[in-house]
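Residues per chain, in single letters:
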Amino acid sequence: MSTAFDGGLPRLTASRTFTLTALLLATALVLAATQGAYALDADRLLDLLWEGLSGTLAGLGHGVAGELPVDAQVFFNIRLPRVLLGVAAGAGLAVAGALMQGIFRNPLADPGLIGVSSGAALAAALTIVLGAAWWPDLPRALGSWTLVLSAFAGGMAVTAVVYALSHAEAGARVGMMLLAGIAINAVAGAGLGLLSYLATDEQLRSLQFWLLGSLGGARWSAVALVCGLVVVALALALPLARSLNALSLGEAQASLLGVDVRRLQQRAVLTAAVAVGAITATTGIIGFVGLIAPHVVRLVAGPDHRVLLPASALLGAALVLLADAAARTLAQPAELPLGVLTALLGGPFFLLLLRATGGRAWR
Amino acid sequence: MALSYQNLRFAVRGRTLLHPLSGVLVAGQVTAIVGPNGAGKSTLLGLLCGSQTATQGTVALDGLALSAWPHGHLARRRAVLAQDNAVAFNHSVQEVVALGRYPHRLCPSRQENDIVPHAMTHAGVAGMAHRGIHHLSGGERARVHFARVLAQVWEAPEQGSRWLFLDEPTAALDLRHQTDLLQRARDWATGQGVGVVAVVHDLNLALRFADRVLVLEQGHCVADGPPAQVLTPELLTEVWGVEAWRITTPDGAPRLQWV
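So the sequence lines, in the order shown, correspond to chains A and B.
Under my numbering, the first residue of the first sequence is numbered 1, with each subsequent residue one higher.
Under my numbering, the first residue of the second sequence is numbered 1, with each subsequent residue one higher.
Facing chain B, according to a computed beta carbon distance under 7 Å, are these residues of chain A, among others:
{"no.": "1", "residue": "Leu9"}
{"no.": "2", "residue": "Ser248"}
{"no.": "3", "residue": "Ala252"}
{"no.": "4", "residue": "Leu256"}
{"no.": "5", "residue": "Leu257"}
{"no.": "6", "residue": "Gly258"}
{"no.": "7", "residue": "Pro303"}
If you are wondering where the hints come from, they were derived from the structure by calculation, not from laboratory data.
For clarity, every value in this text was computed on a predicted model and none was experimentally measured.
By construction, the Cβ of each residue, glycine as well, lies at the ideal position given by its N, Cα and C atoms.
With the sequences and hints as input, model every part of the structure.
Below is the structure:
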């Protein structure tokens with residue numbers, strides 16, 4: 001099962017790690033696609049996909065709903081976009097987490113550290129609570145995209161501020177970024193608190209829904225955008241693997257090995273911000289996945305980023321799908337908030353893992 | 001095939017840590033930098049290897065200023081063993097040593113797959129290849145990083161010289177591994193023409209393994225030359241403030257003793 005020889009580390013090989021995480025994702029995909037308020041038969045999934053792909057279901061995507069069988073309608077209009085959004089969100093959050101942990105050289109780092117989630121949340125809250133009063137024309141111009149786009153812009157803007165603050169002085173590096181991120185997160189948290197204090201009951205409800213995270217708002221257009229950006233983020237992140245490994249030795253040593261540390265930081269922060277910004281803008285805040293997925297992979301396969309980044313993406317996608325399946329089925333017909341589920345399942349699982357490995361995740 | 005430094009000065013917030021210093025280091029020699037605590041040894045090493053930038057003056061490798069070298073090219077011909085080698089994640093020993101090959105990732109050697117195992121053997125860490133770096137003792141870790149820097153400059157570049165910079169490489173090592181490591185560096189210098197520059201605390205190690213010593217005191221170079229000529233009891237009294245004398249070991253080598 002593992003490569004423990006000559007008293008070495010009990011670690012899975014890269015190929016076993018990929019096989020396992022891919023199998024887990026496949027299982028999660030089937031579960032997530034079939035379970036829910038309207039259960040679909042697993043045998044039907046491939047048929048449906050095939051029919052969809054070969055275009056035999058005329059009128060698909062043109063809103064001519066009446067012509068489709070009910071299971072096809074559920075699958076193509078509700079289940080499939082939701083599953084794809086879950087895959088993109090999980091993969092993006094996990095890779096962003098692995099990138100941040102690599103850049104900060106700390107397994108406790110989280111994409112939220114660079115302010116992208118709190119920036120998105122603050123912008124979303126501003127739009128929900130004050131948007132109508134301050135900028136009434138905005139929804140008319142952007143339509144249903146208003147919230148998504150403002151949240152994305154907010155996440156990117158706050159990340160840019162954190163990055164600029166940490167690099168204002170020559171020589172200031174990730175330590176400064178960490179502290180600037182904490183300070184900016186506190187300010188954003190205060191803004192969020194103030195806005196929820198000012199909000200009407202109705203605004204508070206939509207704000208809360210957003211803060212707790214959900215894949216429920218999966219529209220094809222938004223799903224396509226998020227999937228596209230996450231694919232771009234993955235394509236940008238994977239080539240950084242060896243440089244991130246070198247950074248494990250510290251910024252000074254990495255630089256002596258020829259790593260352009262500053263450029264690596266910029267690329268990693270930008271990549272994580274784009275992925276997490278797009279995801280958060282669409283789904284709200286889904287916590288814990290970015291922290292736990294890379295952690296688990298590091299625990300079973302070691303810290304080599306060439307394995308860590310892709311395997312975290314697979315595992316993160318599986319975790320979000322499973323949590324979302326649970327969110328949809330545990331309290332039927334009601335739906336639990338996904339962010340609550342990821343933390344509720346992730347926390348105890350993480351503790352168990354730490355106990356089982358004697359805290360090896362730390363070292 | 002040399003590392004030359006001209007008018008090298010280093011100051012932090014107006015305080016001069018290293019006063020203007022000029023000279024030439026030759027590849028194929030072992031140069032030891034010695035001096036009391038805070039004399040500027042690590043600073044000089046940092047300036048020579050390019051990890052720090054001089055306030056004034058230049059360092060040139062094979063005639064080209066360090067700052068003018070493309071980052072990646074420099075990394076293929078000079079490796080630096082620092083004092084502080086904390087590794088953030090629990091990489092296996094083999095993975096850490098393989099990081100030394102990072103600068104060569106785009107143009108790997110023909111023997112690429114053999115280099116990491118050979119480097120581990122040279123540093124005496126082959127037996128712990130699959131252990132986690134966090135599970136090793138300080139001395140074992142120091143040897144792993146020595147293997148890493150050996151792997152980094154394992155092969156001579158097509159032209160020009162190659163350099164090993166070692167900042168107190170023996171600090172964490174037991175007696176046998178201290179001499180093993182410096183003997184290895186000595187062999188690389190003599191046999192392969194590698195330039196070795198090491199900050200050394202043990203003057204007897206400098207006496208035994210170095211071709212040349214630079215003695216620093218409060219940022220000034222107070223002596224420079226072959227160790228047997230430079231490291232006199234008088235100098236030890238003057239620079240370190242200890243009473244010293246020189247003896248000859250049974251095999252005829254000079255040795256310093258002090259109280």
